[in-house]
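S.K.: Listed here are the chains, written in short residue letters.
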Amino acid sequence: MINSPYIRKPASVQSVMLQVLLALVPGIVAYVWFFGAGILVQLAIASAAALAGEAAMLAIRGKPKALFLTDLSAIVTAWLIALTFPPIAPWWLTVTGTLLAVVIVKQLYGGLGQNPFNPAMAAFCLMIVAYPALMSQWPAAGQLDFKTQLDLIFGGARQVDAITGATPLDALRTALRSAASPESELHGLRASQLMDGPAFGALGGTGGEWVALGYLLGGLWLIQRRIITWHIPAAFCGALFVTAGLLWGLRPEGFASPLFHLASGGAMLGAFFILTDPVSGATTARGKLLFAAGAAVLTYVIRVFGAYPDGIAFATLLMNILVPIIDMKTQAPVFGHKKD
Amino acid sequence: MLRKLFKFHGGVKPQTNKERSTTAPIAPVPLPDRLVIPLHQSVGGHPRPLVQPGDRVFKGQRIGAADGNLSSAVHASTSGIVRDVLPAVMPHTSGLTTLSVVIEPDGEDRWGELERINVRAATPDELRDYLRDAGVVGLGGAVFPSHLKLKPGKEGRLDTLVINGAECEPFITCDDMLMRERAADMLKGISAMRHMLQAREVLIGIEDNKPEALAAVQAAITASGEQGIEALSIPTRYPAGGAKQLIRVLTGIEVPHGRRSTDFGVQCFNVGTAYSIHDALEHGRPLLSRVVTVAGNVDTPRNYDVLIGTPMDHVVRLAGAHPDTDRYIMGGPMMGVRMPAFDVPVVKATNCILVGSPALFPPPPPEMPCIRCGECAKACPADLAPFEMYWFSRAKNFGKTQEYHLFDCIECGCCSFVCPSHIPLVDYFRFSKSEIWAREREKEAADTARERFEFKNLRQEREKQEKAEKLAAKAAATREKVAGEAAPPGATPTAAKPTGGDAKRALIEAAMEKARQQKAQIAPKNTDASTPGVQAEMAAIDARRAALEQPTEPPPPAGQA
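Protein sequence lines correspond, in order, to chains A and B.
Reading the first sequence from the start, the letters are residues 0 to 339 in numbering that gives the first Met the number 0.
Reading the second sequence from the start, the letters are residues 0 to 560 in numbering that gives the first Met the number 0.
These are computed hints drawn from the structure, not numbers from a lab.
Treat each hint with caution, since some may be false.
Claimed, not checked - Result set (EDC-like, lysine to aspartate or glutamate): computed pairs, CA atoms no more than 20 angstroms apart in a straight line:
1. A/K337 x B/D426
2. B/K153 x B/E200
3. A/K8 x B/E410
4. A/K8 x B/D426
5. A/K62 x B/E366
6. A/K64 x B/E366
Using the sequences provided together with the hints, build the complete structure.
M.R.: Set out below in C-alpha cells:
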C-alpha cells in the first residue's frame, strides 16, 4: 500500500553522487594539467577496486547489487582516495586503501549511509601509518612525464627518493624546523624567504594552488546546486584562516600565512568534498559549524606541529567520532519553540 | 499598503496542476440514485441518528444530532425516503464502516421548515449552538466543529482572524473557485465570525498563484466598505495553507504543538467554512453541500457543488475518468488518502477527488538507505529533523522519537517528497505515532483492569465481613433474647447492654477500617513514572496523611516525616 505523498521530487542518491563527481572535475583537470595524466590512472584503479570490493561485499551480504553498484557512492570514495593519495603511489597501495575503505569502513559497518567514519579518510590514515614513506612522496609540478608515472605506479624502477620531494606543506615545516636550529644553513631565514623556491607558487604550492582553485569552483557549484550547504566549507576555511592568522600575526617569521594554509594540501578538497560527506559528518546547522571548525583547528595543529604531510584525514576522523554528540546537542528548536 | 509577511521554514514547490480545473465555473451535480450520509463527519462525538428506515425527510432536515458539544449535526442533503440506517464503508483508507443514513431522493429536492436565527439579537452562545446544529465544520480538511473555534480567547477578544484561502495542495482548486464566484457571501460569513470573535483585524491569505481569486476577494472587500480586513497575496509554497504555517506567514506568530492559537490572539478558518457560516446564519441553510475539485486522471478537471453523501464515482463520471484509473484519492497528492472503493460518499472533508492512475502517480523507486543528507530537515515546515526520527522509528525507539518532537509532525509529506533515497518518511512517523497511542491505550486498559480487580477484591472482602458481622449481631441478639427469657427481669438491662454495645462497636470499627482500606487502595496511583525522589516524597506525604486519619495513634514526630 502506497500512502501519501503520491508525488516525489525527481531526486536520487545516484544523482547526488553524480553531481559530487562532476564537481570534482575542475580540480582533476588542473591536476592533470600541472602534474600529468598519472592521476587519471589512479582514478581508474581506485574506481575499479571500489566497485569490485563493493560487489563482493554486496554478494556476501545478500543485498541487491544493481541498485547499490549504480548509486555511485563507491566511486565518490574511490575518487577521493585517488585524489588524496600521492599520484605516483604504486597500484597496490591505491587498491589496498580503496578496499579497506569500501570493505571494512563502509560495508562491514552496514554499507551506504551506515559508516561512522569517512571511508576515504580512514583509508588515508591507515595507509599513511602503514606505509609512511610511500604516502609521503609527491612529485613537483611538471617533474615527471606520463611514462615515468606509469612506471612508478605499476612497479617499475622506484628511485622515488631521487626524483620526488615532499609536499610544500611538508617542505616548509622541515625548512622552518631547520631554520630554528643554529647549526643549519637556513638559520634565521623567515617563512616568506623559505617559500621562495620553485616548489612554492603565489599562495600555496606551484600547481597545487590551481588544483585547490578547481576544487573551490566545484565546491561552490555544489553549494549552488544545494547538494551541500555553506556551513561546513565556510566554518572550515574561516577557522583555518583565523587559527593560522593568529600564529602568523604573532610571529610571521615562524609561521606560514593563512592564505598559504588555505591554498595548500587538501584544504579545499577537505572543506568542500570530504568534511561535507553527510553520512559521517554533522547534520545540524550549528553542528556543521562546530564540526568543521574543530576539523580546521585539528588540521592546523597536525600540519604545523605534527609529523604527517597533511592533517585533514586525521582531523576528519577525530571529528567523525564527535558527530553523534554534536548532532544531539545542536538540535535546533522546532516550530513554536523558538526564542525570538 | 504593503504588509510585512513572514516566512516559515522549509516547504516544497511541487507542480501545482491547478490550471485545468479553473477554466470552467463550479458546476451542479444531478441527483444520484441514493445518498449515503455518514453520521460521523467531524472531529468529536458520533451524532445519534434521528431517523428510521421508512421516514420521509426534507432537504435540510437534521438526521443526526450532535453528541455533546464536541460534535456536529448532520442533515439530509435532499428530500426523499430513508431506506436504511446501517454501517457503511466510509471514505477512509482503512475501509472501515461507520453508521450512515441511506436516503433515496424523491427528485423534488424540497426544503422543509428551516430554523432561523436572528444574528443581531442572538447571544454568542446561541449562535454557537445554532452553528453546531447546522453542522458547520472546518472545510479545509480537518472538519473541526466550527462553533468551538468561534470563542475568543481568555481576554474576550481576538487580535487577528486569519482566513485560509492559501490552498497549497497541488490539483485542488475548490477554494480558488469559491473565492472567485462567492467572494461577497464568503465575506459576510467572515464578518459574522469577526463579530463573534471580536477580532481587531482580518487577514485573508491567498497564494500568489490565484490572482483571480485575490482580485475577487479584494473587490468584495472594497464593495463591502468594511475596515480592518485585508486580502494578502502570499508566496506559493507548500504547505503555506497549513493553519500554523499560514498564521506564521501572516502574523509572524508560531503556535506550538498542543497550544490553542487563541492563546496567541489568532484564530484561523478556511474560506469555504466562512461561506457555509454565512449560508447558515443568513439563510438558515445547514451544511448540505460543498465545492469539490475533481482532477487528475480525467478528461475535464472541474469543480462541482456536491451534496454530502453523493457517491464519488457519480461525480467523477461527469469529469470523465480515463480507463486506466486505479484509485480515488480524497484530498491532494501530498496529504490525500486513498479511498477503499469508488462509490464511497462525498463528505464534509472532501475538498478534492483526485483520480489516480499508475501513470500519473507511479510507485516510488526502490527505497535506499538514508544518507543523512538533511534534505528532509531543510524541507520540514515544523523545523524537525525527520532523518533522526526515522532512525529511531526504525529502531522502535519511540521515546527518542518523542524527544525529537514526533508529535509536532503535521504529516505534510514534504520530507518524503524530497528524500533522494525515496524513504516513505511520513509512513514511519504515522507508524510511530500509532504505536505510541496503542501503547498508551494498553497501559490505560491495564490500569483500569488493575483498579477493577482491586476494587472487586475489596468488595468481596467487605461483603464477607458484613456477612460475618450480621451473623454475629444476629447470634448476639438471639443470645440476648434467650438470656432475657431465661434470666429474671431485673437482671436483663445489665447483662444485655454490654453485649449489644460490643457488637455495635465492632460494626463501627469494621466500617471505619473498610473506609480506611478503600481510601488507601482506590486512589489511583499514577506515580509509576515519577522519579525516585518524587516517589519518596509522595510516600512521606502518604504516611503523614495515614497518621492523621488514625486519631487513635499518636501522630509521629515531624522529623520522621
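S.K.: Could you run down the list of hints and mark each one as holding or not?
M.R.: Verification of the supplied hints:
Only pairs whose Cα atoms come within 20 angstroms are accepted, and A/K337 paired with B/D426 is rejected, the gap being roughly 27 angstroms. Annotation: proposed proximity of B/K153 to B/E200 holds, straight-line Cα distance about 18 angstroms (limit 20 angstroms). The hinted pair formed by A/K8 and B/E410 meets the criterion: a straight-line CA distance of about 17 angstroms does not exceed 20 angstroms. Of the supplied pair hints, the one linking A/K8 and B/D426 holds, its CA atoms being roughly 17 angstroms apart against a limit of 20 angstroms.
For the hint pairing A/K62 with B/E366, the CA-to-CA distance comes to about 13 angstroms; that is within 20 angstroms, so the pair holds. Taking the CA atoms of A/K64 and B/E366, the gap is about 14 angstroms. The hint holds against a cut of 20 angstroms.
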